Structure formats: C-alpha cells, structure tokens
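Q: Since the structure of chain H is provided, determine the placement of chain Y on it from the hints.
Heads up: the protein sequence lines correspond to chains H and Y, in order.
Throughout the first sequence, residue numbering follows the UniProt record's numbering, covering 1 to 790 in sequence.
Throughout the second sequence, residue numbering follows the UniProt record's numbering, covering 1 to 176 in sequence.
Just so you know, these hints were derived from the structure itself, not from any lab.
Hints may contain errors.
[To be verified] The calculated lysine to aspartate or glutamate pairs, modelled on DMTMM-like cross-linking and capped at a C-alpha distance of 25 Å, are:
no., chain 1, residue 1, chain 2, residue 2
1, H, K112, H, D377
2, H, K373, Y, E68
3, Y, K83, H, D377
4, Y, K145, H, D470
5, H, K440, H, D236
[As the list claims (entries may be wrong)] Among the chain Y residues that face chain H by a calculated CB cut under 10 Å, a handful are:
no., residue
6, D70
7, N73
8, A74
9, N129
10, H139
11, R141
[What the hints assert, rightly or not] Partial selection, computed: residues in chain H whose CB lies under 7 Å from chain Y:
no., residue
12, S365
13, P366
14, A367
15, Y406
16, H458
17, T459
18, V466
19, R467
20, S468
Because the structure is a prediction, the values reported are computed rather than measured.
Cβ coordinates follow ideal geometry from the N, Cα and C atoms, glycine included.
These are the residues of each chain, in order.
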Amino acid sequence: GGHYPSLPLGYQNAAPPLTQTLVPVPLSQPLGGPGPAQLSPSLAAMSLQSSTPEALRVVNLLQERNLLPPIPIPPPTPCLQQDLQKINCNPEVFRSTLTSIPQTQSLLNKAKMPLGLLLHPFKDLSQLPVVTSSTIVRCRSCRTYINPFVSFLDQRRWKCNLCYRVNDVPEEFMYNPVSRSYGEPHKRPEVQNATIEFIAPSEYMLRPPQPAVYLFHSSTCVFCQSLLDNIKLPGDSRTKIGFVTFDSTIHFYNLQEGLSQPQMLIVSDIDDIFLPTPDSLLVNLNECKELVQDLLKSLPTLFQKTMETQSALGSALQAAYKLLLPTGGRMSVFQTQLPNLGVGALQSREDPNQRASAKDVQHLSPATDFYKKLALDCSGQQVAVDLFLLSSQYCDLASLGCISRYSAGSVYYYPSYHHQHNPAQVECFQRDLKRYLTRKIGFEAVMRIRCSKGMSIHTFHGNFFVRSTDLLSLPNVNPDAGFAVQMSIEENLDDMQIVSFQAALLYTSSKGERRIRVHTLCLPVVNSLSDIFAGADVQAITGLLACMAVDRSATASLSDARDAMTNAAIDSLASYRQSVLSIQQPGLLAPACLRLFPLFILALLKQKAFRTGTSTRLDDRLFAMCQLKYQPLVYSMLMIHPALYRVDDLSDEGALNINERTVPQPRVLQLSVEKLSREAAFLMDAGTVMYLWVGRSCQPAFLTQVLGVSSYAAVPDNLHLLPELDTAESQRTRAFIGWLRDQRPFFPPLHVIRWVSFLGFIRSNMIEDRTESALSYYEFLLHLQQQISK
Amino acid sequence: MQGTLPSSPLGGSTTVQHVSHTVEEGTGKGPSTGRWKMEAVVFILSLVDCCALIFLSVYFIITLSDLECDYINARACCSKLNKWVIPEMVGQCLSTMLMLVSMHWFTFFLNLPVAAWNIYRYVKVPLGNMGVFDPTEIHNRGQLKSHMKEAMIKLGYHLLCFFIYLYSMILALIND
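So that you can see chain H by itself, here it is in the shape it has in the complex:
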C-alpha cells in the first residue's frame, strides 16, 4: 500500500508562467504535456501578489506597436499545483475563457469578461487510453465519472470533486490491470488520465448499437466520383447505404441484391410522401457493392438529361427521414438552388442593393420553422443531416442551415462552385468530401457537461439539440465539431480551491461499439480581480464572444451584436484600469495577457460575419456565422485573425525537423499593409483557405525557383498548386505549407495571387488598416480609450 493523494490544500502560489507567451507549444503536444510552470521551479515560492507575473505586465497599447508574438499563441496554463496541472486536460480539447475561476458571481461581473468553456470532445487524438471494465465507477449522486481530480479518503472511499459526496470504491476497482497490483485504486488509468474512453456495458444502451447508415440525398451528381473513390465508408459488415435524388419529383433507387441493375422509382406526389418499397432502398453496402457502384456511375448521365429548375427539397427531406426513421444514421444533402416547390419552399429574401448597407442587415434568422421542426424530428430518431450548398444564387442559408444546426450536422458551402470555371473550388469540394466520407464518426450520441457544485451552464453554442438540462443530443458526432458553453456562478465558491468540469460523450462507434469518452478539466478558484485577469485566455474569450455575437445578431440585430463586442473590450479594459492598476498612467493600458484583445475584437468587427459597409452576400455572411459557432477554437481564430508570413526569404534558421523534413518557421507578421511590400511574397493562412501573394517586384529567384515561371507577368491567374521543383526554395516553401496543412484535418486550398488582384483583398484581410467603412487599429484603440475615460 502507499499513501493516497490527500485533499488538495490550497494550491501553492505556483510559479506564474513567466515564459507563458514565448514558449512555443506545437499543436501536436501530447496529452497533459508539461506546462511552462514546470520549467521554473525556483519561482514556485513566489506569490502572485508580490511580483507582477508576465501575464499582468502593463502594456500601453497606444505605444507598443508590435504585439503579435512571432509564433502562434499557446493557450495559457492554469495556476495549479504541478502534479495536478501535469494530468490536466489538453487545452486543445477543453479550454476555459478564464483559467482562474472567480469565487463569486459579483466578482465575475466586475471583471466584465465572459466565463465559458470551449470543447472539442471528439477530436482525433494520437494517444487515447481505452478502458474495458465491467464496472464504470461513477458518483452515486451526480453520476460523475471517476477522474484524476477526485480525492481518496482511504483505500475504500473516494470523494467526488463535483458534488463532494463520498462514494465507495467497488471491489473490482481495487485491482489495477495495468500494473497488476491490488490496493492502489489511484493508480488505475481512469484516475491517471484526464481524457479517457470507456467501452460501455449494456446498461448504457437504449437499443442495440445501430449500424452505420448513410443516405445520400441530392439534386446533383457532384458527389458520385468521390463516393466511388471512397466507397469504404466507416462501418462494419452491417453498414447500409441508400440514395434519394429529387427535382420536382422524388426518385428512390431499388438496390436489392439480385437485381441486374439499380431500379429508379419516382414518386411525383410530393404532398403526400410514401416509400415505394418497404425495404431495399437502404441496402447493405458490402453485399450490394456492385449495384451501388453501377448506380454511382450512371447517376451523372441521368442528371445531364434533366432541365428542371424546381426543387422540392422539403418533401424530399421528409421522404428521406421516413427512410432513416427505423435505424437512424447520417443524411448528406447536396443542394444547388433555393427550394421553391412543396413544403418548406423558400422565398428569395436577399436584396442585392442592401449588401453594402452600413446599417442593419435583415433576414439573419430563419423564415420558417419547417427545417427546425424537421431537424428536431430527425434528432429524436438519431438522424443527422449534413448540408452541402453548391450554389451561386441566394439559397436562404438562414433557414436551410437549421436542418443541420439542430440535428448535429455540419454545413458546407461552395458559393462559386462550377465544374468548369472554378477548378479551385472543385478541388476544395472534392478534398472536403473525401475527409467527410472517411473521417471517424459516432452515432446516436449524447453529451453531458457537468460542473462543480455552485456553477451552472446557462447557454450552449454549437450544432446540437439541448434535450434537457445539460444533456446535448448529438445524432452524429464528428471530429471537426466544436462546442462552447457559457457558465454562471450560482453559489459562492468560498471553500473551494479548485473546481472541475467534466464532459462525457456517450456514442456508438461505426463498428457498433458503445463507448464513452470522458474529459475532465480542473481549474483554480481565485478571489482577486488581478488573478482573474492574469488567467484570462484571450483567444478563448474571442471565440466565445464570436458565438455570443452570432446569437445576438439573430435575436436582436447585427448592430447590437457589433456594439456588444466593442463594449466587451471597453468594459474589460475599463475594469482592469479601475480595479487592478495601481498606478494610473495615460494611454490605453492592458495586461499583457489581454494585449491582443482589441486587435481580435477589431478583427471580429471586420469579419465577413459582422462587417457592415462592405458588400457581403447574405449567404456568405451566414456561412461565416455558422463557421464561427461550429469550428473548434483553433480554426476559428485563424479565420478571425489569419496568420501572415513572408515566404520569399525562407531560411533553415530555427526550422523544425519533422519526419526528416526541414520545416522553416517564419515569423508571424501583423496584418497591416505596412508589413507588405512589393518586393516580396507573402502567405496568409486563414484556416480554411490560404493565399500566396506575389509582389510586383518580387525577386526573380522566387518566381523561377518556387513558382516555376520566368517573370511576374507569367504568373497564371488561377494557380492553386505549387509546382514540385527540385530547388531548395521550392522544397522549403512546400514543406512549410504542407506542415501548416498537416496540422488540420481538412485541406485548405491555396490561391496564388498577383499584386494586381491584391487590392481587393486588402480591405477584407488587412485588419489593422483603415477602410472606408471601418476604423484602423490605431483609431479603434483611440476610440476605446475615449470610451474608457468617460
């Protein structure tokens, strides 16, 4: 036997991470990797109050111009004891806007920053401990899963860290299969890992685990080739597949085993949908593979003949829902125009003259509740609907998007998709579709987020349906979805030094196994405003504010949302100035951890979702809003504030060596025209898309050795693929771009743009500069300062 970790007595005034913002943390950090707190053990004795930690260093935003760190900003490390922080949840999976939780609601209100959690629970993880156990140990009262932050009172009893109830350790739990020892429950993997996956026993199943069922629902044939190439969809021998196509009538396909070729059945009565045959519309993928492949090959020819302009999407969705009703599964809808026939028909609400309106933007909320109701029906039967919108016309994404938003689906949008005129979009679509068809998927899932006693969740952001308090219904869960929640402090957290949060995702894997993925996060409680500011995570705050602003645009108005974002910056900096700053200096003062906050707020105000005064199509705007709510934080931040690098002078200095490839690490530059120059080439990484700008007087060496052209004028217009040349510069550039792309599961297309086309991008992407409808960064800072001094 040994000792057991006792109740955490007040965290030691742990070393404030002095090198917090300068230690590069690669995105592939192992789970619970060592944080900077471990790097400076000599500072462990220093208290937060006696010396100013780096996070609270006062920065005068009006004087210091170069605030962006040269490398991507790592998430802040909570101020916990080292042994707790070492096993804490990976911030890429579970992240809080304030890494030091205020003790009372009034203290939180004084800090004027939102308190929330951003989760990416189904992220593809390189290391995931999986436990098969006959008993899953959970708290008797609050049903929390046992986690690394519980305390063992003695060998047989453990105290829940969320509700403080004392529970018994079951007999089976006393034996540790990993070390084959008895009597040390605290060494079991469930108590050593903050992220863990259980194989769930039968009590966790409402019905036998469903097979993977995929339905492709389309008015076009664009997906056929990709599906043929990736016909091995995630699943096992029970995987089923089906197809429904539609225009003004609905077409089903009988793929029964034994038929020589697929049989098309047309239902033209769209007001009263019925399924033409009871089965064989959804068939086993392995048994009928040839028929399915035949169908996919013949669908393009079928579609070529039609000249239909009518789309009965609503009725077709109802038919598809009937088809998936018994089993649940995933519906992929490919839509190319506004649905204008039958139920759920939509009107064209966008007024093209209002696109550049400097006032409010209308029609940001759905026009009908048809798609929302259908989404809720689907959610109840474990059907998720993913929407692919490939249209250059207005498609009322505000209404159509509801079908995915509440059924835990995802929305993909390709506004200028044309198979001949826009090969870049086509390639983007094909790559996204490949990722979509082959990525991991979970079915009939539910997620519950629990917090320590005293805290509660009051708002949810993301694509799901909140079935009951804290229970999210996710018919499908995929590794590219992010979620956010906002919390409030109901009771004062007076006696607690730490609070914990647990997200438990119960799902059926594509192989029919019922699994539970549990993530637990632990954060300290503080009772002074300066500690709260020291622990603020500026990226998480920006991400959460973006979600809140999207909600506000739909319920109130866009201008309200914009004002609210500006006020968030004003209020938090004013609160810092009044309550934390001991010496009042002139200028716009911010703590070092929040120095980028005004920049990110300005970036949000200039983002496609919220900008006014610049011509923005309504669907583009709505898709940007959908993305802000749906994407995990790291990709949202790239979307909000893209990373700019100079790539014509890449060198091996400071390069990373990954898989025997040397990857150069250029500095991150500010998004301002003064950083750009005509004699260079720049790469802008905006998360889902990348731009490579070539200056007019760019060095000829770059043109010949990387782009493979002889002169600037010879750079082609639609170049989106860097030629694979044998030169060192070409290898470095491709290695760098490849490294950026490898870090994310989707494939951002690259657009090579010459200086002439460059001007169009300045307005939308150079956030720090002034445009005719928006302030420059410096002017924005002055505006903030003026409001704060009022």
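A: Just chain Y, lined up with the frame of chain H:
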C-alpha cells in the same frame, strides 16, 4: 338615490350610480335588481374565467418544473405549453372585455397590461421559432427561468384578481 347606495370599494360611488342610471333606462327593469343581476353575472363569469387562468398558470408551472427536473424533454414540454398559449390569451382577453363592457374601470386597467403583454409575446415570436416556447431556445440564456418567473407572477396576479372578483360578486349577490 345618492344616499342609500353603499360606497363601492372599487371606486367613487358616483361612477357606480351613473351606470345604474343607464341600466335602469335601457332594460326597463326595476332599478336595483337589473343592475345587480348584470353585475353578478359579470363577476361570476370573470370568476370562472379567472379560475381557468389560475389552473392554466399552475399547469405551466408544473410543466416547466418537470422540464427543469428532467421528467420530460424539451420538445414534449414546449408542444404541451404552446397548445395552451392561445387559450390563455383568449381567456385573458375575455376577462378584459367583460370588464370593459360592464365598465368596471379599475379591474379593466388591472387586466389590460397582462392581456397586452400576452398579445405582444405572441406576436413577437420570430418566424423561425416554433411558438412562444421554442424547444431549441428554452435552455439558452436562462429562458426556462424567465418563463417560470412569468408563470409565477401570473399565478399571483390571477389569485389577486380572483379574490377581487369574488368580493365583488358576493357584493353583487348580496345586494341582489
């Protein structure tokens, strides 16, 4: 006659007398009986209406607290409650109309804000929402709590109205 009529607890005796005067001339019945019969009928009707509204508020409170305690899910709760939004509005408007028609100004102005609020709440539902109670929004932004508070306030208000009508009805019946 000015002196014999008891002073009404609801307002100046002058108003009451004017009403009685017109009723007398209109119906041609005996001066006191007709008026008090009308009064009694009006108050009995509003009492019944108020009872119905009380039961409705209690039903709302019970359903909302069922949702809070996870006995039912959001969809079931909202469809149940949305069914009764219009009957509640009709009941409240009926009560208001009764008071208007019988010219009891105090109770009329007591009923008017709630009726107006019900109508406003119903009309202001966005197009994309499934009624006043929307299952996708009810767990967001503390809507569940605010609906609960609203139902509690209405319950208290209806109880108050109930006793006022009861008193007036008894008054009307006594004087019959």
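Q: Would you pick out the hints that fail for this structure and give their numbers low to high?
A: 1
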